[in-house]
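Chemist: So the chains spell out like this:
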Amino acid sequence: MSAGGIKPARTFQQAAKVTLANPQMRRNLRHATTVIREKRERAVAELLDWEALRDEGAAVKDHVMARLSEYLLDLESAVKARGGHVHWARDAAEARGIVAGIAEGHGAREVIKVKSISTDEIELNAALSERGIHAIETDLAELIVQLAEDRPSHILVPAIHRNRAEIRDLFRRKLGAELLTDEPKALAEAARLYLREKFLTTKVAVSGANFAVAESGTVCVVESEGNGRMCVTMPDVLISVMGIEKVVPTWQDLAVFMRLLPRSSTAERMNPYTSFWSGVTPGDGPQEFHLVLLDNGRTDVLADEVGRQTLRCIRCSACLNVCPVYERAGGHAYGSVYPGPIGAILTPQLLHLEDKNANTLPWASSLCGACYDACPVKINIPEVLLYLRGKITEEKPLSVEAVAFKTAAWVMSEPHRFEGAIRLARTGQGPLVRNGAIHALPGMLGGWTDTRDLPAFPPQTFREWWRKRPAPQVRGDDGNAQTSEGEPVAPERTDDRGPV
Amino acid sequence: MTVDLFITCLNDAMFPRTGEATVKLLERLGHEVRFNERQTCCGQMHFNSGYQEDALKLVRHFVETFRDAEAIVAPSGSCVGMVRDLYPRAAEWAGDEALLEEVNALTPRVFELSEFLVKELGVEDVGAYYPHRVTYHQTCHAMRILRVGDAPLRLLRNVKGLNLVELPAVEQCCGFGGTFSVKNADTSTAMLADKVQNVMSTGAEACTAGDNSCLMHIGGGLSRLQAGTRTVHLAEILASTEGEVFA
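Chains as they are written, first to last, in the numbering used here: chain A, 1 to 500; chain B, 1001 to 1247.
Hints listed in this document are in silico derivations from the structure and should not be mistaken for laboratory results. Virtual Cβ for every residue (Gly too), placed ideally from N, Cα, C. Incorrect hints may have been included.
Unchecked claim - With a straight-line Cα cutoff of 30 angstroms, these simulated DSSO-like cross-link-like pairs (lysine-lysine) come out:
| hint | chain 1 | residue 1 | chain 2 | residue 2 |
| --- | --- | --- | --- | --- |
| 1 | B | K1119 | A | K406 |
| 2 | B | K1119 | A | K378 |
| 3 | A | K391 | B | K1119 |
What the hints assert, rightly or not - Have a look at the derived ranges for each label pair, beta carbon to beta carbon:
| hint | chain 1 | residue 1 | chain 2 | residue 2 | range |
| --- | --- | --- | --- | --- | --- |
| 4 | A | A126 | B | G1228 | 31 to 39 angstroms |
| 5 | A | E51 | B | A1105 | 24 to 32 angstroms |
| 6 | A | W410 | B | K1160 | 24 to 32 angstroms |
| 7 | B | P1108 | A | L47 | 49 to 57 angstroms |
| 8 | A | E305 | B | Y1129 | 39 to 47 angstroms |
| 9 | B | K1160 | A | N271 | 49 to 57 angstroms |
| 10 | B | K1160 | A | E41 | 29 to 37 angstroms |
| 11 | A | R67 | B | V1123 | 28 to 36 angstroms |
| 12 | A | A66 | B | E1092 | 45 to 53 angstroms |
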């Protein structure tokens, strides 16, 4: 399977079938999301100002989006002033070229990587591999995914779909580890032995960035294992690839996200390792630092008034963990390094709504709204989903479905047409009805009746009942029901009753 | 108070008993109930499926129909959610300022039945009698868009004879989502399977909710499994009395 990228190979419907048909994966997903979900709720409930904090997070991000170019230029000059290099990448290909060029320039055959979903977005590993450079993931879960030649299925817990026994077998196979048990401690030790050697011998590292502070030119990575800390401090050369929306103006702004992010993602009050680096410091850490600022469709998202809020995302994955669709279909169904509800709005937008498979993602939601409630920066994901559905539908050629909806709108815009249609359906349903229910529908509606019954149209509609009903009973002053006399109690009726 | 009913197209065509129960209930509480026969559909199905231009026709139709109403009450959290939350979006995205103004004037008068009873009228005991073991499914739009909170539960707790049992994972979507249930039938079915299992685990005779769309979905799953648990709209429970069994 491909190592990353944002272009889904299939539609969501097709891809979802794979996880849905895999009971082990579904159990793994349900267990993991349920545990994280409950932990997050507890962690969030501890803060009395959580709602205000969410508002603040959203406001900071919106402020940045409104003046993005300004803050990026500030960031660039601050990084340069501290001895770093800044590169601007319009798209994935440019970013890949920049990173590969730097690695090649240092004669690297291996690079270590950490926390870099943006490098998965640009499919960096494959590009490096083509030039004979082997990229080694050092985040434990990412390493598992890489060794399994799998794709990440979660932003924060990329191997969420794997259980311990599967990981033990994988480490035995790929790392030659002599693992007797699948205890977390034993698994971690096997990974540690392997990675420690890489940290000590590899000269070039590639990282992502959770945030970058414009005022000081500081890049930040938050993580739980310390592998990221090793990665950004041990090698001689560090290359950080960062989506342009990750910039924040000041350290004060950063503080807001330092409170929002860990509680939303891992349900921790504070994440265990937060690494900051500003350019280079002689004698301490990498002596060469490159920051690659990645656009890859982001400025087009920014230009869209409704879609723009997508760029507030801090990749906490809270929306994934609460999403009932993600829980069942799994991350791979989204066909992109950005899965779940955020992926359903981000992926198609990054592809300019031009990718047929990605364009099925906005429909991969029941619009239950759990994602919006969970989002620490208040991205109204359901709203963006609907907005994108509208845009994508507008562009599509006229389909059977479109004709059906247009007809329905025409029918529904006049009550007598609506009533006529019900009467027609009541007559037409005859052969489909058994014991008052419909058990099999034709065509695409069969998707319903494959697993569910549908009630039959009853013999009388509400409005038919309304017309026939006797004068209403109203409660008199004494509290007893009585027929009112002399009062105009019959509900007002319009003349337009349609065909009776 | 004069209450204008918005029965919603699904209730009108498929679940007329819910509309009848709503009428019965509101009249029993002393309100004058009107039903404007011009009404059809809120347009949610169109809007949510991506046919926003077509939905706009129905938005305009709704606004014209209910312009003069004092209070508009619907036995559907989902359709009220459409009106309150998405009518403004529909008007905005269409760039129709005049419509937006009309919508904003109308939406504060549109209520879901349980929130109307509890929050607007301050009534929690509607004098109902329903001697059954019942579990309550919280529908997504009532819970997350309208924030009806525990209004339906307050009403149910005051129903004489009713044994209310808690539904596990009550906040999880049943997987209906309108056309989602057909377009993503497999995922929708997986969500429904869990919901149905949770309903059955309560041993309830009936599962109730404020939305017949969700109940149609849950009921469809229960019926296929011949689970022996019915679905009943909240309005039908609240309309039932010792003298008249409504559902």
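Chemist: Hints first: check each against the structure and report whether it holds.
Modeler: Evaluated hints:
For the suggested pair K1119/B and K406/A, the alpha carbons sit about 37 angstroms apart, so the restraint of at most 30 angstroms is broken. For the hint pairing K1119/B with K378/A, the CA-to-CA distance comes to about 27 angstroms; that is within 30 angstroms, so the pair holds. Between K391/A and K1119/B, the direct Cα distance comes to roughly 37 angstroms. Violation of the 30 angstroms bound is thereby established for this hinted pair. Range check, A126/A to G1228/B: Cβ separation about 55 angstroms, and the 31 to 39 angstroms hint is violated.
At roughly 28 angstroms, the beta carbons of E51/A and A1105/B sit within the given window of 24 to 32 angstroms. Taking the beta carbon of each, W410/A and K1160/B are about 47 angstroms apart, not inside 24 to 32 angstroms as hinted. About 32 angstroms separates the C-beta atoms of P1108/B and L47/A, a value inconsistent with the hinted range of 49 to 57 angstroms. Judged by the Cβ atoms, the range 39 to 47 angstroms given for E305/A and Y1129/B is violated: they are separated by roughly 53 angstroms.
Taken as a hint, the range 49 to 57 angstroms holds for the pair K1160/B and N271/A, whose Cβ atoms sit roughly 53 angstroms apart. At about 35 angstroms, the beta-carbon gap between K1160/B and E41/A stays in the expected band of 29 to 37 angstroms. Under the hint 28 to 36 angstroms, the C-beta atoms of R67/A and V1123/B, about 51 angstroms apart, miss the expected range. At about 19 angstroms, the beta-carbon gap between A66/A and E1092/B misses the expected band of 45 to 53 angstroms.
Hint violations for this structure: numbers 1, 3, 4, 6, 7, 8, 11 and 12, all remaining hints satisfied.
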